[in-house]
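Enquirer: As they're listed, the protein sequences go chains A and B. First residue of the first sequence? That's 1 in my numbering, and the numbers climb one at a time after it. First residue of the second sequence? That's 1 in my numbering, and the numbers climb one at a time after it.
Quick caveat, the hints were computed from the structure, so don't treat them as lab data. Just so it is clear, CB atoms sit at the ideal spot from N, CA and C, and this is done for glycine as well. Mixed in with the good hints there might be a few duds.
As the list claims (entries may be wrong) - Derived list of chain B stretches under chain A, where covered just means 3 residues or more per stretch with a C-beta under 8 Å from a C-beta of chain A:
1. 165–174
2. 346–359
As the list claims (entries may be wrong) - Covered by chain B, per the in silico footprint, the following chain A stretches (three or more residues, Cβ under 8 Å):
3. 59–66
4. 103–110
Number of protein chains: 2
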Amino acid sequence: MFRPNGNYSLLQGSYLFSEIERRASSYISANPDKKIIRMGIGDVTEPLVGAVIEAMHKAVDEMGVKATFRGYGPEQGYKFLRDAITKHDYAVRGIEIAADEVFVSDGAKCDVGAIQELFGKETSVAVTDPVYPVYVDTNVMAGRGGEFLKEKGGFSNIIYLPCTQENGFVPELPKQRADVLYLCYPNNPTGTTLTREQLQVFVDWAKETGALILYDSAYEAYISDPEVPHSIFEIEGAKECAIEFRSMSKTAGFTGTRCAYTVVPKALKYKDDLGNEASLHSMWNRRHCTRFNGVSYITQRGAEATYTEEGRRQILSVVRYYMENAAIIQKSLIDAGYTVYGGVNAPYIWLKTPTDSWAFFDELLTTKQIIGTPGAGFGNAGEGYFRMTAFASREDTVSAMARICQRP
Amino acid sequence: MFRPNGNYSLLQGSYLFSEIERRASSYISANPDKKIIRMGIGDVTEPLVGAVIEAMHKAVDEMGVKATFRGYGPEQGYKFLRDAITKHDYAVRGIEIAADEVFVSDGAKCDVGAIQELFGKETSVAVTDPVYPVYVDTNVMAGRGGEFLKEKGGFSNIIYLPCTQENGFVPELPKQRADVLYLCYPNNPTGTTLTREQLQVFVDWAKETGALILYDSAYEAYISDPEVPHSIFEIEGAKECAIEFRSMSKTAGFTGTRCAYTVVPKALKYKDDLGNEASLHSMWNRRHCTRFNGVSYITQRGAEATYTEEGRRQILSVVRYYMENAAIIQKSLIDAGYTVYGGVNAPYIWLKTPTDSWAFFDELLTTKQIIGTPGAGFGNAGEGYFRMTAFASREDTVSAMARICQRP
Numbered sequence: 001m002f003r004p005n006g007n008y009s010l011l012q013g014s015y016l017f018s019e020i021e022r023r024a025s026s027y028i029s030a031n032p033d034k035k036i037i038r039m040g041i042g043d044v045t046e047p048l049v050g051a052v053i054e055a056m057h058k059a060v061d062e063m064g065v066k067a068t069f070r071g072y073g074p075e076q077g078y079k080f081l082r083d084a085i086t087k088h089d090y091a092v093r094g095i096e097i098a099a100d101e102v103f104v105s106d107g108a109k110c111d112v113g114a115i116q117e118l119f120g121k122e123t124s125v126a127v128t129d130p131v132y133p134v135y136v137d138t139n140v141m142a143g144r145g146g147e148f149l150k151e152k153g154g155f156s157n158i159i160y161l162p163c164t165q166e167n168g169f170v171p172e173l174p175k176q177r178a179d180v181l182y183l184c185y186p187n188n189p190t191g192t193t194l195t196r197e198q199l200q201v202f203v204d205w206a207k208e209t210g211a212l213i214l215y216d217s218a219y220e221a222y223i224s225d226p227e228v229p230h231s232i233f234e235i236e237g238a239k240e241c242a243i244e245f246r247s248m249s250k251t252a253g254f255t256g257t258r259c260a261y262t263v264v265p266k267a268l269k270y271k272d273d274l275g276n277e278a279s280l281h282s283m284w285n286r287r288h289c290t291r292f293n294g295v296s297y298i299t300q301r302g303a304e305a306t307y308t309e310e311g312r313r314q315i316l317s318v319v320r321y322y323m324e325n326a327a328i329i330q331k332s333l334i335d336a337g338y339t340v341y342g343g344v345n346a347p348y349i350w351l352k353t354p355t356d357s358w359a360f361f362d363e364l365l366t367t368k369q370i371i372g373t374p375g376a377g378f379g380n381a382g383e384g385y386f387r388m389t390a391f392a393s394r395e396d397t398v399s400a401m402a403r404i405c406q407r408p
Numbered sequence: 001m002f003r004p005n006g007n008y009s010l011l012q013g014s015y016l017f018s019e020i021e022r023r024a025s026s027y028i029s030a031n032p033d034k035k036i037i038r039m040g041i042g043d044v045t046e047p048l049v050g051a052v053i054e055a056m057h058k059a060v061d062e063m064g065v066k067a068t069f070r071g072y073g074p075e076q077g078y079k080f081l082r083d084a085i086t087k088h089d090y091a092v093r094g095i096e097i098a099a100d101e102v103f104v105s106d107g108a109k110c111d112v113g114a115i116q117e118l119f120g121k122e123t124s125v126a127v128t129d130p131v132y133p134v135y136v137d138t139n140v141m142a143g144r145g146g147e148f149l150k151e152k153g154g155f156s157n158i159i160y161l162p163c164t165q166e167n168g169f170v171p172e173l174p175k176q177r178a179d180v181l182y183l184c185y186p187n188n189p190t191g192t193t194l195t196r197e198q199l200q201v202f203v204d205w206a207k208e209t210g211a212l213i214l215y216d217s218a219y220e221a222y223i224s225d226p227e228v229p230h231s232i233f234e235i236e237g238a239k240e241c242a243i244e245f246r247s248m249s250k251t252a253g254f255t256g257t258r259c260a261y262t263v264v265p266k267a268l269k270y271k272d273d274l275g276n277e278a279s280l281h282s283m284w285n286r287r288h289c290t291r292f293n294g295v296s297y298i299t300q301r302g303a304e305a306t307y308t309e310e311g312r313r314q315i316l317s318v319v320r321y322y323m324e325n326a327a328i329i330q331k332s333l334i335d336a337g338y339t340v341y342g343g344v345n346a347p348y349i350w351l352k353t354p355t356d357s358w359a360f361f362d363e364l365l366t367t368k369q370i371i372g373t374p375g376a377g378f379g380n381a382g383e384g385y386f387r388m389t390a391f392a393s394r395e396d397t398v399s400a401m402a403r404i405c406q407r408p
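In isolation and in its complexed conformation, chain A is listed as follows (with noise of 0.2 Å):
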């Protein structure tokens, strides 16, 4: 008799941003009339630039003859897109990362969720809270997660790492045993930053215990302050001890185009339950290699481009754009009476809201028509604060903080 895995019915609630979608078209079939503005899920809304464009129409071409036609290609990715990562990623910031330790694959939300197969049984993870929620759903499907305690709004087992106003979005260390940590900056959803002081604190707390970072840096084209680090192999130690995951999504608006990286450096080694020496590059190439197959050849040709010389002038102009709607967005919010926080290298814009974050979501809906994103959804500790986003059009941008600096 077959037995379904029963983690699934662990899982709290729906999805987020499903339950976001459930309660907005609820609205909108109510209110057909009214004009809605989306500044909640993370979706660019800028289309790819021309030389992401122009390549893609080559790639296609290519497929529709014999002679230059790709079958399968590589599961890790080809190697023009790898080496043009490892250059332009790594190389210009002095970091030294090979193309074979390069995984390409069709979106950060996939590493992201499957990291977690190369976990042993036991493992202890560890997030900050909030949190992207796929580090502590995959987890939970897993059955990693113990059992959801509504008392600590949580999973018994995960330990959550508060980032709130009080410690300046900085987690602290966990005080108790956590053999992995997801740590994602530039932060979704808070949109602040570690420098690189602040980040080698735990880079050497993993050293030290033997822990496992995995970071997710898909926003990192954001950045514009000097002392936050791209990547986490900017600091000391970090090849002994991080993974970490980046995407074309933000970057070069690639969230429908699909494509991402992740970075398993092979000095990441560790002992298995057993005792064997495992190398957790060839664990995920052995993964890559069995349950993946590679990502089309003509996005990975878009994703190349986006590494050219034009390609990269035009996709930081995209990317200056967003971030001149975060500059609208934190100043109409600061106007409006609000506190903020993120919005500086970060397309995020995170608020603290006087009533509580679903109430705000509802309202703000139901009186401005605008959908954000309630910090509930992020966890615990984001109760009380809001998420919006930089990635509306300039005119929705500023037609929302109208109505928001507007008094009723």
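Add chain B to chain A, keeping to what the hints say.
Expert: The following block gives chain B in isolation, referenced to the frame of chain A:
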């Protein structure tokens, strides 16, 4: 202290196709003047058809213009594609599948590898032998394999159902408890098929015992015999006990473009370990939303084009071309004195080898410069057989067969 998943160390050798590539590369670099013909890995060689190329160019253009740009799509796939699938792959055969029972993905390999995440801890898994290695390896990685037994030539907790010339490549029903059964028809690697009556036996068994059938139907486009079902859902009762995997890879040459889909009927209901009734449809949907971000919009428009009248005609003409190759291979191998199976409703030809199958691989590589796939790579019962595919060009197919028929 972080501990990696020790199950990875139970996996046997390299992933089959990597091992083939290793031996091939080693021979090629030692013999750079020899012309190798690849009749091994199941990769297509004909370019994408005109209707697909046209649709993808149009989609690329849409992505470059703000008004038509698409960010995140539905994780489950765009409705335009799900509708085309239900209409042209199911409704035309009298099978009623709802659009929301179809989950579009970037590859059948990904879905086939991921499905085991929905299984409970103690699930017993049955596979045919020989078998596509992904079914077994993904279960071993998740800890369901037990230990590898040399004398069994397989994993202690996996139930192997031999398919050989003795039973006409039709597996017997499992003799011990099996919660899940993977079936692949038309079969990879043997190229053999089941009739409706033969498949009905498995569906009846699954319904009687409460088992789940995972039906991989990636090669259905190659079926010519009207007695052979294209979908397990042609069989009475299958919606209550089966999930079906399909792919555009072999149907439309998408191996480097990446699009597939999985059908999870809503009628699939089981009880989990805690006694809760669980819908596999809801679980798969939850997994998809949590761990996946959908397939590239451009790819989905390309896949949609394979369902237009023009697209359908074009892809069927490519399928016909490959099946003419299959006929050439079959006839030549018989002429050369081999016993062969498959190749009528599948692009795979399964030949009986005079020596052991890796020895035959090495011999064919070094004396005829032909790369095929040794049957032992697909499991114990594959020993003594060898897979050739119909995906090479006509010219290469004819040359390879000439080499084989030539006396030394």
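Enquirer: Does the structure break any of the earlier hints, and which numbers would those be?
Expert: 1, 2
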